[in-house]
Amino acid sequence: MKLGDQFRFVRQNMKKNKTRVFMTILATAMGCAFLIVLASVGFGLQKSVVKEITEQRIVTQIDVHGKELKDGGFRPITDKDIATFEKIKDVKAVTRRNMLQQDGIYSIGRYQAGTETYVTDFPSEVKAGFELSAGHLPKADNEIVVGYDFPFVLGTKEEVEDLYDNKGHVKKKYRYPENLLGKELSLTVKQLKKGKEEEKKLKLTVVGIGKKPTKDWMQDRSVFISKKVLNEIESFTKTPRGMLLGPNDSPPEKLNVKEDNYDEVKIYAKNMEAVQKIVDQLKDKNYPTYSVVNELKEVNMMFTIAKAGLIFIGTIAILIASIGIYNTMTMAVTERSPDIGIMKAIGANPKTIKQIFLLESSYIGLIGACIGTAVSYGISYAVNFIIPLIIKQAFGKELPAGLTFSDIPLILPIICIVICFAVTLLSGYRPAQRATRVDVLKAMRREV
Amino acid sequence: MITIKNLSHEFVIGKKGRQTIIPVLKNISFTVNEGEIVTIVGRSGSGKSTLLNLISGFIRPKEGEIWMNGVKVSDLNEAKFADFRIHHLGFIFQSFQLIPSMTAFQNVELPLLLKGVSERNRRQQTEEMLERVGLLDYQDHYPGELSGGQQQRVSIARALIVNPPIILADEPTGSLDSETEAELLEFIKDLNRDLGITFLIITHDEKVAEIGNRTIELRDGQVVEGIVLA
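Going down the list, the sequences are from chains H and U. Residue 290 in full-length UniProt numbering sits at position 290 of the first sequence, with consecutive numbering throughout. Residue 135 in full-length UniProt numbering sits at position 135 of the second sequence, with consecutive numbering throughout.
Read the hints as simulated data drawn from the structure, not as lab findings. Any given hint could be a false lead.
What the hints assert, rightly or not - Here are some of the chain U residues that sit facing chain H, going by a computed Cβ distance under 8 Å:
#, residue
1, I2
2, N6
3, S8
4, F11
5, G14
6, K16
7, S74
8, L76
9, E78
10, A79
11, D83
12, R85
13, I86
14, L110
15, L114
16, G116
Said to hold, decoys possible - Here are some of the chain H residues that sit facing chain U, going by a computed Cβ distance under 10 Å:
#, residue
17, G195
18, I342
19, G347
What the hints assert, rightly or not - For each label pair, taking beta carbons as the anchor points, the in silico distance ranges come out as:
#, chain 1, residue 1, chain 2, residue 2, range
20, U, D177, H, Q12, 43 to 51 Å
21, H, L319, U, N77, 47 to 55 Å
22, H, L319, U, R18, 18 to 26 Å
Positions of the beta carbon are idealized from the N, C-alpha and C atoms, including for glycine.
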């Protein structure tokens, strides 16, 4: 018997007891919808968390904190290490920065701003994607580049209450009104010397302004000075990177600054897929790292366990529905035994009879799974729409925009259909097997 | 065409330890030649139906051999016998054995469906067969909507649809009135004459026994010595 004919035959048989078949399909559909909706919460929350993580960081960025030594200690990254990093496959750029260990106060006229100050290697920054919105990179030692947001935080020195707007920028009326390019800023650094605070002022010219950061939430207020200016600061503060001394501290006898040690080293991969490979190689070479991949790995692991648990609970619902299928199929075999007997008498192969009943149970299962899938998409949509409204009404809190409670990726209905198909096939197997053992003579005498 | 060699069969009844063995057929041997109509007669309990069930493969013999069309069918397993049945045998039953939830057309079509014949050929062959038994106009009727004679004609059409060389009939006129019985017997004779189909008919009806080229009488599970020629 051809598969297509078996299929038509099965549909014909199913029409004979529409109510029972409908109820079985309904139970299966409910089981499937339960599984999908339950697991979709895991998928939805994972999606939201992953989205949050990837939006908060540059996904191709790997922070390298130092090199782990055999005695368990750490040492800073050096030029030699950086040369090693640059040789790793799929590394786009390795940026290295040293940071001034005190807030540099930059002032011009009656305006000032305190911000982070760095010495960086501009060629590698450019390779990593650093661009200027105006001006050029520094050529002389007293030339500096400021971040895109720096001009927005250069505000009046006067004490005013409403200095900042909600973005953290100085309000326009208090802000330095002119273009900073070409202007001379005064950098003030401090140090406690014999219990008395001393200041040093350095004259620096702004020659470039960084480009607006690609992500809305990012702000770049940093100032990039030259290595020579940092050396100058260090010789004033008598501490490495211009570190401030406490009232009881005394400056080291020898400054002992290693020129090729870096405070902040970042590796940029060519793409997100390459990040894990680079991280693995660095790990092998005892470089502790931190990247979005590390964070995602932990989050994904946690959600994978949660999703597996939810799918398992959902599968129980399908197993319960399978009892209905088993019952329906057993009833069908009992009711149709005389017909099975006649079919066997005229030459139906037991294998064909078995196939017909298995096809019927799996058909019920598949229809149920498909209906369940369609319904669960509806429920998922409704949940995402209604829950934020309920939370807002009940708790008066706005949920973060884009928070997904329920998400149904394609894999989820596939998993559900496979589970449902397997379960219905199993539950239909015994009745199908029973059908093949129907005694022809008894069946024809209506004794079964 | 059909050869039965030393066929014996017994039924075991009762639970283990308290079983009773009832011998039904004892060392039966006979041959049915191609194109013959052979009737098997005997009283109730003589073993006629058991013999037909053994030949049909519905029960397996305890001893002896059954050959049909050169195949030792008594050695075939259930699946292989099913294949043999669908290709070589047609059945006519006393109680018609039509599937009540299927129309006359679907009942006749069923063997072709099981054989895997394409839908187009099935439709054509089924319609031809229904026309031949005079029931084309009743093709959409369910068995419950047909008379006994019509149901038996549907049953014959179902048996003939796969062009079997052998038809096994168990009391084919048992549920029919005399007029319909006469019509059916004429039809069987026509089929035998026109298509050369071999018939093995179990009956206790003399009129049916008379259409056979030969009649074999069974008594107490044994062939009565001396074959009666019709």
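Any of the earlier hints contradicted here, and which numbers? 1, 2, 3, 4, 5, 6, 7, 8, 17, 20, 21, 22
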